[in-house]
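Q: Chains as they are written, first to last, in this note's numbering: chain A, 2 to 257; chain G, 2 to 257; chain W, 2 to 257; chain S, 2 to 257.
Simulated from the structure, these hints should not be mistaken for laboratory data.
No experiment lies behind these values; they were computed from the predicted model shown.
Please note that the accuracy of each hint is not assured.
Here are the computed distance ranges between Cβ atoms for each label pair [as the list claims (entries may be wrong)]:
no.	chain 1	residue 1	chain 2	residue 2	range
1	A	16	W	10	33 to 39 Å
2	A	14	W	194	56 to 62 Å
3	W	80	A	156	54 to 60 Å
4	A	43	G	164	26 to 32 Å
5	S	9	G	146	55 to 61 Å
Don't be surprised by glycine CBs; every beta carbon is placed ideally from N, CA and C.
Each chain is listed here by its residues.
4 protein chains.
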Amino acid sequence: MNETTVVEYGEKALDRPVMVVGLPGIGLIGKLVAEHLIGELKAEKIMEIFSPQFPPQVNVNPDGTTKLVSNEVYAWNGDEKAADMLILVGDSQSVTNEGHYELAGIYLDIAEKFKARRIYTLGGYGTGKLIEVPHVLYATNKADIIDEVKSYGAIFNEGELSGGIIGASGLILGLGELRGIEAVCLMGETSGYLVDPKSAQAVLGVLSKAMNLTVDMKELEARAAEIEKIITKIKELEQQQQPGPKEFTAEDKYIV
Amino acid sequence: MNETTVVEYGEKALDRPVMVVGLPGIGLIGKLVAEHLIGELKAEKIMEIFSPQFPPQVNVNPDGTTKLVSNEVYAWNGDEKAADMLILVGDSQSVTNEGHYELAGIYLDIAEKFKARRIYTLGGYGTGKLIEVPHVLYATNKADIIDEVKSYGAIFNEGELSGGIIGASGLILGLGELRGIEAVCLMGETSGYLVDPKSAQAVLGVLSKAMNLTVDMKELEARAAEIEKIITKIKELEQQQQPGPKEFTAEDKYIV
Amino acid sequence: MNETTVVEYGEKALDRPVMVVGLPGIGLIGKLVAEHLIGELKAEKIMEIFSPQFPPQVNVNPDGTTKLVSNEVYAWNGDEKAADMLILVGDSQSVTNEGHYELAGIYLDIAEKFKARRIYTLGGYGTGKLIEVPHVLYATNKADIIDEVKSYGAIFNEGELSGGIIGASGLILGLGELRGIEAVCLMGETSGYLVDPKSAQAVLGVLSKAMNLTVDMKELEARAAEIEKIITKIKELEQQQQPGPKEFTAEDKYIV
Amino acid sequence: MNETTVVEYGEKALDRPVMVVGLPGIGLIGKLVAEHLIGELKAEKIMEIFSPQFPPQVNVNPDGTTKLVSNEVYAWNGDEKAADMLILVGDSQSVTNEGHYELAGIYLDIAEKFKARRIYTLGGYGTGKLIEVPHVLYATNKADIIDEVKSYGAIFNEGELSGGIIGASGLILGLGELRGIEAVCLMGETSGYLVDPKSAQAVLGVLSKAMNLTVDMKELEARAAEIEKIITKIKELEQQQQPGPKEFTAEDKYIV
């Protein structure tokens, strides 16, 4: 395989769908949201993307069968309230620089093929510290939809994201703009150290409002509760190690 | 040389052979098994693969002559019990990401050309600790041959290999599945620190059963015994350094 | 997007312009000068260059809108004293080795299209220490313009720049020579640790003389003054930490 | 510039020349020998090779003019004793893996164009310690010229070079063999820490014998003497720091 290959599974009629992109990234937030949506909506797999820009790897299922690293596109037919949806999810982003550009171009081809009305790319925003109530930040390639996006609960403070947005989540906005495809990136605040289902819940909350969707969040809540327990444990352990009278440790490397 | 080049040495008729792949990897297990098989079966070299995806290197033979880094394909005509065989062995895997995909594709082209009935890729599974009796793990791209593979002595415990299988051994399964070629990866448990002929023996044991082969293992046994001696020595040295009363060392970096 | 793409915004007539290149590099000197010139001269954006050789990134504007990483070309119609100008500025240089060569070739194509009479590439020269009065060093791909360049105030001491000039600033000279395009690199001395508007001022001084331009430097002066304050603060703090009787610190790692 | 470009300077008739390759590598030995030969023989530059596989860099001459990183081919018409010669020398080897293969292929194209009778690639062999009398090791892609090569003073001990030969020096042998071009690699023993004109002298001694050349070595001897002085100085300094009563230093990190 020398070129990126898109395998299509039959035809699927969609009416100007919204495309949601949840690829692996900080806190795994985008991927958690996309997988949760696919599960809850019982979306249907319509495409699979293989690429020499992905790592040379198979993943192993619980029964010992293997699955080549890929990205997948799922489709969902909306209802009287919510628009049709394309959901892009996957095992990996590109591992090469040029590959990022190539793959983002292919995702936009898919959006164009289905005449997608908008793209939401989902990700995390690393803050370096544990966040009690994660905000959801937005960025967009179209100034005149900012008020709309704010109305869904996303925020943006001047000076944030000064390092830019790296990877598919950002590139889809940048390359999308050149093609006239409107796109919004929603980023949940997250420490950056852990898989973060709580921040994923926050992102899903904003996305649900934007899509006029009602999605059961029980599974994400359960996963968030688990992670919460782990964090509490870590904090307890840290407190037990609070210094009474100072003692030397290998980490100190100095003498009083 | 700007492209991967396959040099063929004459024609060789094979009847739906099994392809065995033993390239360098953890513990050198796959390579040890493949080279042992080639030697014992007196298999015949029929192809050599050169590629700008391999390192820019020649190896030097004991007499000072050089050999460009390559992969090689050997052929063996089976007998009334064992099927014909193709054995892929070599000095290196690809050093670039895309090269892994390109080369795995070329290996599958060779399998298809010879109408290979199945591919076994051989490798190691690093456990991080010394293993007394190494198991052989399997993974496969075809669910309905799992019971057969288990009957040869390979095992799989749910949750293992959660990091996936990286490199040619995995990619041949992943890309093979897309082409409808059934493939099994056999991985010998190994510490990850040493060349491991003992684990190679275990893998060869499973493969021999699968192939209905009887192969003399003396050479592998001798190499395993040598390595065993080295390990015993290391353990002795470690025990002699067991701490009596604690003394400061350069590693301690602190003071009581 | 699999290839570097140049988007042109209308036609612009220029009479044998001088091309000025200010891309990100040490001390951000070239970029500071080029952006300052664009602002002061109210130069007009005529081209934008996007490339898979740039990082896969969008930058985020203060209002939350995004901008794909790019390089931009601005044009300015000179006056009775100063020649017409092309100014190349941008967010990034290539992140791949081959990309550097490809992009430098594209910049030279643009220079040739406009029949540029000369190219000035601007950058910094890292000295590793704080510089009170930064000199401006030159290098050129054409020996017989050296005296002219010196007359603008740039200097060169034998043995300097022995490590060569890396990146677009150098490559445009090297590849330009092969095409018969004369080019000069102007490098402001800089510590290498900080954005350096003071060194940018020095480079702009030389360039203004070369271009017969009068440019208001107030903005650069203000930024230089700010950085100066920061440096003074750092020096004060360092002096306060001057050792009286030696105390142990984590950095010492030893005992007297 | 998107592709490797060979610029030819006029025609030069050569009668089955020997090609000598001295590119940058360990101890700069190959480059020192090739440059010395070019200077002493007053060889004529006939080709220059530019490539996006080289670093994106210009070097700066003592007068401030620049020179794009390249490789160069020089030609020399032999005499009644010595054969004609092609000498390849340059600023850099490829910085990418595939580039190494591409460039070695181009060097072999040049050898074939001139019907070169043999190629000598020159380099160093790092031993990790200072060598008083450096040997010259050989490796070759043709077994039946080993005795001849030994007669010139090069040696080879079984088990040496077990790590192979990496880069152009090795690849020219490997790819040359596939094209039926006989080639020898001569490697001077060297510490690996310093430019090594003394080892270059040793390699030039073997090459001169092989070529039936008489070359003045004064310049190399002078450079070797300079380096020798530096080494002596280093050794003196080390001896002065020999411990009398042990004192703690930052390097010690422990306490007796």
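Q: Run every hint past the structure and note whether it holds.
A: Evaluated hints:
1. A:16 to W:10: 33 to 39 Å: Between residue 16 (chain A) and residue 10 (chain W), where Cβ atoms are some 35 Å apart, the hint holds.
2. A:14 to W:194: 56 to 62 Å: At 59 Å between Cβs, range holds.
3. W:80 to A:156: 54 to 60 Å: Violated, at about 47 Å.
4. A:43 to G:164: 26 to 32 Å: 30 Å, holds
5. S:9 to G:146: 55 to 61 Å: Given range 55 to 61 Å: holds, Cβ gap about 60 Å.
Going down the numbered hints, you'll see the structure goes against just number 3.
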